[in-house]
Amino acid sequence: MHFSEDDLRAALKRKDPGEGFTQRVMARVNQADAKNKTSPATEKSRWLWLRRWNLRPAWTFAVVAVLFLSFAWAGYEYSEYRHQKIARENQQRLEQAEEARDQAILALRIARNKLNHVLQHAQLPADAIPSENDKIRRQRL
Amino acid sequence: MNRVPGTLMRILVGLVLCCFAARGYGQNARLQLANLEKLSDKASHITEVTLDGALLELAAKFMEMDDDPEAAQLKDIIKNLKGIYIKSFEFDEASQYSQADVEAIRTQLTAPGWARIVTDVNKRTGEKNEIYLLKNGKQIAGVAILVAEARELTVVNIVGPVPIEKIAAIENQFKHGNKEEHKKKGGSHEKK
Amino acid sequence: MEQRAGREEDRLELALTRSVQGDSIAFAELVREHQGMVFSIAYHFLQDRALAEDLAQEVFLELYQSLDRIQSPAHLTYWLRRVTANRCIDQGRRKLRRRELALEEAPEPTATGHPADPLLLERLQQSLAGLPAKQRMVVILRFQEGLGPAEIAEALEMPVNTVKSTLHRSLEDLRKSLTRKVREVRYAFF
Chain A
1 MHFSEDDLRA
11 ALKRKDPGEG
21 FTQRVMARVN
31 QADAKNKTSP
41 ATEKSRWLWL
51 RRWNLRPAWT
61 FAVVAVLFLS
71 FAWAGYEYSE
81 YRHQKIAREN
91 QQRLEQAEEA
101 RDQAILALRI
111 ARNKLNHVLQ
121 HAQLPADAIP
131 SENDKIRRQR
141 L
Chain B
1001 MNRVPGTLMR
1011 ILVGLVLCCF
1021 AARGYGQNAR
1031 LQLANLEKLS
1041 DKASHITEVT
1051 LDGALLELAA
1061 KFMEMDDDPE
1071 AAQLKDIIKN
1081 LKGIYIKSFE
1091 FDEASQYSQA
1101 DVEAIRTQLT
1111 APGWARIVTD
1121 VNKRTGEKNE
1131 IYLLKNGKQI
1141 AGVAILVAEA
1151 RELTVVNIVG
1161 PVPIEKIAAI
1171 ENQFKHGNKE
1181 EHKKKGGSHE
1191 KK
Chain C
2001 MEQRAGREED
2011 RLELALTRSV
2021 QGDSIAFAEL
2031 VREHQGMVFS
2041 IAYHFLQDRA
2051 LAEDLAQEVF
2061 LELYQSLDRI
2071 QSPAHLTYWL
2081 RRVTANRCID
2091 QGRRKLRRRE
2101 LALEEAPEPT
2111 ATGHPADPLL
2121 LERLQQSLAG
2131 LPAKQRMVVI
2141 LRFQEGLGPA
2151 EIAEALEMPV
2161 NTVKSTLHRS
2171 LEDLRKSLTR
2181 KVREVRYAFF
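Chains as they are written, first to last, in this note's numbering: chain A, 1 to 141; chain B, 1001 to 1192; chain C, 2001 to 2190.
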């Protein structure tokens, strides 16, 4: 069956919603207003600065993605910085410990050498450390 | 009834004096060697070691991690020590230091608790080598070794419960530490 | 004519500005101005007066809550069409109630050209109800609102070529559907 575009336009001609539609809409608006207890302008003006951007979903996604990546990268960099700092501190501590060990060995070597030197000169064996009561005195001429 | 406060007072004073005495022992164990600094200019070779507190603990902990049996031997020696202080001067010529310099050290070793256990004197050259021990009851609380020879003056002062026989018995082979004679360090330095 | 249109534009601009500031009378004026368009889109899509009014009220409620986003009267019209269309499509995913339209709801014949057969118009509307949601909305926006393919594409967030092919296919489907109905009627008599 044939029909023309005019027939279609006639079939889809605008209709009026009838008497009282506007009042019914306003009643719902007032009801919603009373619920929120703020005027739409005041409530929304808080976010007006953001809404004015009127971002399309793709752009919003792009902005969120960029922000997310930025934060992720910053977090990664900070983590790297912390790890490197800890590694540096550990390395320093290790070097300090090595140095301390080396000093201790040097000190003990000197102590051993001098102790044995004195005992040798006093003609005492190294394993016979005199006690307080012994008080060895040797004079060489 | 009136005697009680008096008795308590005496006990308190006695305790305070004991505390000071104990502190005195601790202080006596470490010798003041600052007066020997002036010999640095004349000496051809200087060895100085100041190892105490955190640095000594660090050395002990590091040795603990070492599997080497020598490290274990050394760790055993230093683990309870409070400090090791060494000043050693070698001179190209004799008589570069005065007896007064050495007497200043010996005077400190006349403090209560110190006892000289070995003296070796060469009357011809005037060299005198001594070993002192500081006793706290039956425990050794410190050791001082004085080597005063013609071209050398060395003071070794070890504070703490020193296992002196173990020090004397230390093996000659050290894996580490040989390079220290040729390095300048924070806690010790050597001059040639 | 242009002057009248200009004055109309200014009036709506003023009503919009006042609505944003919280003037409910100004907002009511905007509702009156656009209620026919919104209701008609919903009605022709849903084919149910009660559902259509409900949907239209929700659209205006959403408008009230989004007034600060509207930049101009033209933007308002675009916004209303887009929101109404999307709400209709969402609702249309549910099973559509197919009702025979009462006679008083039957479309009026056009004033221009030859007088349209009321029965044809009724059948057209019924056939429209048989189209998939997006196709149906494309036809409504084209023939009720007189929008071009580019405007329909923007409102429904579809590519322009898709709109064109959808329109073409929809008209084909409507013709086929109407032919089937006529045959059914013929067979009913015999």
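Among these hints, one or two may not hold up.
As the list claims (entries may be wrong) - Pairs of lysine to aspartate or glutamate, DMTMM-like flavour, derived with a Cα cap of 20 Å: (1) C:K2164 / A:E5; (2) C:K2176 / A:D33; (3) A:K13 / C:D2048.
No lab work stands behind these hints: they were computed from the structure.
Original post:
Among all the numbered hints in the text so far, which are the ones the structure does not match?
Top reply: Checked against the structure, the only hint that fails is number 2, while the rest are satisfied.
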